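Could you put the whole structure together from the sequences, leaning on the hints where they help?
2 protein chains.
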Amino acid sequence: MGDSGLRDYLDGPYKAARDQARVGLAEHAALLSEALELPREAYRDRVLEVLRSATADGQTAQGFPKEFGGGGDLGGFIAGFETLAYGDLSLLIKAGVQFGLFAGAILHLGTTRHHEAYLPDALNAHLLGCFAMTETGHGSNVQALRTTATYDAEAGEFIVHTPDVHARKDYIGNAARHGRMAAVFAQLIVGGETHGVHCLLVPIRDADGDAMPGVTIGDCGQKLGLNGVDNGRLTFDHVRVPREALLDRYAQVDADGNYHSEIENPDRRFFTMLGTLVQGRVSVGGAGINASKVALTLAVRYGSQRRQFGAPGAADEALLLDYRMHQRRLLPLLARTYALHFAQAELVGEFVRIFGADEPDTVSEHDRRALEAQAAELKALGTWHATETIQTCREACGGAGYLAENRFATLKADTDVFTTFEGDNTVLLQLVAKGLLTGYRESFGKLDPLGVAKFVTAQAVEIAVEKTAVRQLIERLRDAVPNRADDNDSDAGLRDDTYHDGMLRFREQHMLAGVARRLKRGIDDGIEPFEVFNRCQDHVIAAGRAHVERIVLEAFVTAVQRSPEGPVRETLKLLYDLHALVTIENERAWYIEHGRLSGARSKAITSLVNELAALVRPEALELVEAFGIPEALVDVPMLAH
Amino acid sequence: MGDSGLRDYLDGPYKAARDQARVGLAEHAALLSEALELPREAYRDRVLEVLRSATADGQTAQGFPKEFGGGGDLGGFIAGFETLAYGDLSLLIKAGVQFGLFAGAILHLGTTRHHEAYLPDALNAHLLGCFAMTETGHGSNVQALRTTATYDAEAGEFIVHTPDVHARKDYIGNAARHGRMAAVFAQLIVGGETHGVHCLLVPIRDADGDAMPGVTIGDCGQKLGLNGVDNGRLTFDHVRVPREALLDRYAQVDADGNYHSEIENPDRRFFTMLGTLVQGRVSVGGAGINASKVALTLAVRYGSQRRQFGAPGAADEALLLDYRMHQRRLLPLLARTYALHFAQAELVGEFVRIFGADEPDTVSEHDRRALEAQAAELKALGTWHATETIQTCREACGGAGYLAENRFATLKADTDVFTTFEGDNTVLLQLVAKGLLTGYRESFGKLDPLGVAKFVTAQAVEIAVEKTAVRQLIERLRDAVPNRADDNDSDAGLRDDTYHDGMLRFREQHMLAGVARRLKRGIDDGIEPFEVFNRCQDHVIAAGRAHVERIVLEAFVTAVQRSPEGPVRETLKLLYDLHALVTIENERAWYIEHGRLSGARSKAITSLVNELAALVRPEALELVEAFGIPEALVDVPMLAH
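So the sequence lines, in the order shown, correspond to chains X and L.
The UniProt record's numbering puts the first residue of the first sequence at 1, with every later residue one more than the last.
The UniProt record's numbering puts the first residue of the second sequence at 1, with every later residue one more than the last.
In case anyone wonders, no lab produced these hints; they're calculated from the structure.
This one's a predicted model, so the numbers in the text were calculated from it and none came from an experiment.
For every residue, glycine included, the Cβ atom is placed at its ideal position computed from N, Cα and C.
Among the clues, some could well be false.
As the list claims (entries may be wrong) - Covered stretches of chain L (in silico footprint by chain X; criterion: 3 or more residues with CB under 8 Å from a CB of chain X, positions within the stretch not fixed): (1) 89-101; (2) 220-228; (3) 414-426.
Written as structure tokens, this is what we have:
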């Protein structure tokens, strides 16, 4: 296998941006050990220092329009950002807060006035900013935020106010120490009428770094990880900002206090605004995948040199990675990391197509919503994958894995919150499933369970819920799957990608139809819609997950097909087979329960997974080297012996 | 439900010791927040300070004979130690190193001379000590340690030596800062002959705290967690200690250099010595279970007061714990925590019976080995459970769970290594399965795969491997299970504990027989024994796990039966049902594959699990209150709103 061929293929169209990020990371590799020893405030300042030095080469502004000092290359920007996940993750998240969230809110929710006034300074990190959305009392349910921004027509100002401690802005990056300004999400009240959540720019510190009048700043203190980011709390006591502070791309308030928005439906307006911020989810998912690559690189290298026990009388003890159990623990995660990498590359491609369009308005709302769903589902899968992979790799390195110098400590702690921020994974998968249930999420009106249940009753039922229709659908899918549960030849076709895809599609469709049927039955029985929905919540989330698994699998299929013929493709196909069969194996209970797999064939899959893992094993080192993690970042003491 | 009734029942015979530990923990509750802010060295010293103050009430010496300042109450000692896991876990582990490992090695491996000379000072923590077993190159494979202790008959001394960096003692608690003496495990060489691993007491620091001549002390530095424990590295350069330094209960060297041991077989001698140290595993498993209780107390309380989303138009948003998915995530873990608690109580009872026996020599070797296996398997299950439970609880508390003030950060980081130390869980389950395969572990000779494979070929085959015998066994078990896969009445008997037990026994026996058959087939086919064993390593470990699951289930059954009639028993039975059915549900693929479960019945189990979780939900708060965690330890900011 030509390893550089594999690496080039993984790097894809944004190779240059990734390489540029790699150079920067290698240069600042010392940050990894500084992070272990510096007191919290010093670590925060050090991260800011590195962040500022990183703005010099222009990469941090790469995704922004050229007229504001950016590079106009959205894809390169995201690829570079993801690559930062190879290094200190506080730096990654600090960059995400500053350039992705704060500058991103200005770019997407503001208009030229805001762009000109703030983007250049935001992009060179002179103006540090916060993204003040989450409150102590509301994280997932953003629409229910309780901070208010009330327009005072006489003064031509908005009054930003925190009614009580539950409405305090919480967990806000850049707030505790460095932020000068915050993009504050608040219920907009104009002329006594509430128009829902909007975003305003509110200065929070003066030039001396002191809190502005009326602003109380707290510190979230020590966190599980990411202690190089200064998360804090913001409380506003009738803080006045000029009318122009409203980021008014989607809604405007004129001097006389008239509210106007081109999007009349308040829910649609809210989700449109939120939708422009999808880049955060795209980036976090990618970062999770890349953090997994670091853990796997360390664990695969360690397993390739660490010996313990072995055949008596042999000259050496056996290498850990030659043990079946070790292969079983690590190599399916390696395969899945590749799968997610390719799914992420597809997502970024779609993101660039939509957000990088010369005429953004030509992009259909349907495509935007599809992108949002894709970002949500991949964020959930990629970040859960990181949690699982890093944990498994830590355990696979035993006591050495527990020493901070070997990187798992911070990898584990820093990525832990990825499953929570930018949307709690469980909530995200639920949203994805809801979207699938209706086909068009905008038809929901509200994203609450009542809206969904009503919608399903009214429409989805007609297309999917009738028992006959469901049965027909299932029959059709069943026929499309080459191998039936009753086949005797239980090994045949197990490495055929149309078989894998058929299995995953069958599961996805069957689960969605099952959920729809349960929702309809509940409504028909007169049960309260929220209760109906809640009773099948686990089913809904499992359906969402089944969908994402299929998307990821298909991305891997495509990536194998498009890869350079020869050793690269052969290796990728092997890894793909391992991933596909482990995915089916993980859900084999469901497949058997639903008549899609016989017991014999299920056992054959387990055997084949073991065989494939053994075939991947000799390639494992090259497979992790292809991630191209700078040597300075994985040159840890446990690998030096 | 009478909550104090439930708590009393959980506390069991060692209630007084648990309550005493609770009082001490509440008194030192400030250590939890100090741990977040103190620099490493100050934190280490603070932990030592609290440890020393804890010796004052005598509890830390509770498990030792009265003549050396102990209390002679082994069960109370372990119960108290486990309870320490409610608080700062560095304190727990520091106590474990000092009293369990260091003093424990002196007590169990030494003789009166050592007891009199060192135990009193070890028990009042004036003499801080290390347990220097693990080396950089050898953790799991203790028999292959490479530090040497060579007897110099002329001088009447042992020369302790580290031949190279791989033989350096590593990850040693108390080594980096506080330890004065180490119980060093080394290959004993007398008259040119190597007698295997033995333990000697070696002074490592003088009264001023400086390293002794020939001893080089390193610091493991920052760790993923447990940073209040000073783990370090010890290298010995021909360090001389008197002949009396050998802990000589099981083997003696006389002044002329004659080696003598009552146990002639070196392997048996080694495992006998190691077996006396089983208390460490018993304690760590219990600590893992108790750390899970802290996480569950926090998450269940949070889920019972935190609201998010909900039915539109409702006065309040819905409580997290009223969501099905939230119940599904947390309540099976709560049920399993109870199951493990009762299994642990049984283990401690057995431990006390054997180690607290007035005449220890009357305890059969078979019983000792059974205890070792039970300790190993429960350590594995209890510590993996901790990792999973704490992670799930953290995620279930969202962003609040990520703030260190809410305790998950340290709980997660500190317990992470529990799956590794005192025996890597994967290795432990493998040992358990090997023991089961042969019935008598001592028959192995060596615990290496070759020995096992040979043994299986020679003997186990006769009793279990013949196809006919296996089939008969399976048939017998099949008949013992009331509900067959082909039953139509798919709900019947699902809450019958003989059904659960039958299912788990069937799985355990079937897997063990399957492994034995594969081993035999491999050997018969002339495959190299190590390779034969390695090919079914995943199968071996799964069989070990199946065994432990059955043991834990049965402990829960017994605990329900013995509980006070009335509300306590009713609540426990409900929780037990949830645990039993989730355990079967988790392995439903296997049961269906092996014809023990129909698809319909499998789905019925999943539905019933949901129903049971909903029934447990109103009891959840009382169930966590029954753990009796001092309020000062769970009075965290996220619960104050």
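Tell me whether the statement that chain X covers the stretch 89-101 of chain L is true, taking a Cβ distance below 8 Å and needing three residues at minimum. violated (count 0)
Using a Cβ cutoff of 8 Å, are there at least 3 residues of the stretch 414-426 of chain L near chain X, or does the coverage claim fail? Check passed, 8 qualifying residues.
Is the listed coverage of the stretch 220-228 of chain L by chain X valid when you require three or more residues with a beta carbon under 8 Å from a beta carbon of that chain? holds (count 6)
Consistency note: the structure conflicts with earlier hint 1 alone.
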